[in-house]
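In our numbering, the protein residues as written are 1 to 246.
Mixed in with the good hints there might be a few duds.
Said to hold, decoys possible - 35 Å max Cα-Cα, derived DSBU-like pairs, lysine-lysine:
#1 Lys-167 / Lys-205
#2 Lys-205 / Lys-41
#3 Lys-167 / Lys-181
#4 Lys-167 / Lys-190
#5 Lys-41 / Lys-190
#6 Lys-167 / Lys-41
#7 Lys-205 / Lys-181
#8 Lys-190 / Lys-205
It is worth saying that the hints were derived from the structure and are not from the lab.
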Amino acid sequence: MRPLFPVGPGILRGAVVFFKQRRMETTVQLHHSHPWDLSPKEAIALQRQLRAHLRIEDDLGEVRTVAGVDVGFEQNNTITRAAVAVLDYPSLQLRESAIARQPTRFPYIPGLLSFREIPAVLEALEQLSELPDLLLCDGQGIAHPRRLGIASHLGLLIDRPTIGVGKSRLIGTHDEPGREKGQWVPLSDKGEVIGCVLRTRTGVKPLYISPGHRMGLDSAREWVVRCLTRYRLPETTRWAHRLASG
DNA sequence: GCGACAG
DNA sequence: ATCTTGTCGC
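Please put together the full structure from these sequences, using the hints given.
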């Protein structure tokens, strides 16, 4: 049944259509016009359905471009600003970027972050000449209560390999990773490993890495390491953050 | 009921 | 996330 989300001219059209279909299947009756105008309850129901389509195994072709996604807010959170930075791999040099602004239409609720940030991210992605081969997202992948963090949700919508790179923990338990760069420990929840806690630079607070979509646990960590240079955050995220701020 | 809680 | 300068430490 693959691909679930055909990406054609108008790069993300398939993804948006899919979302609308899921929403209609998930809810009894709605009178909203915007596809992302969901209630928290509906959002949770949608996550439970989408989760079944996740593939947490490596499914990447040759990686020539790696992107970082960053979202920020302006005007007292009324405006959502998304930035995407596409880097060439393995040079990690900026290749292309895009920024999109939209009125914020969903509150920040732990566990439902994707519903607040993804709409703007999709608009930014549509401005790219082509989708990147791999995307690193701020936040969690499957290290989520329903195993559908923002990285997983986005990966599913655009049918691309994604990795969740969180600066703090949402769920899961773990030991303290070694102090040296590259050291890591597994992140577990309810008896299953859902990611890892990785020291991306000696002596700094570790990052929470988890597969988003089309990506295995070990690969997720390895790809993040490959995108690191001398800072705590991978170059992808640093570029996206830089472009979004100024 | 209480505490935790990505960005 | 955002409000914000200097400052402590490797």
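Verification of the hints:
no.	hint	verdict
1	Lys-167 / Lys-205	holds, 8 Å
2	Lys-205 / Lys-41	holds, 34 Å
3	Lys-167 / Lys-181	holds, 15 Å
4	Lys-167 / Lys-190	holds, 22 Å
5	Lys-41 / Lys-190	holds, 23 Å
6	Lys-167 / Lys-41	holds, 26 Å
7	Lys-205 / Lys-181	holds, 11 Å
8	Lys-190 / Lys-205	holds, 24 Å
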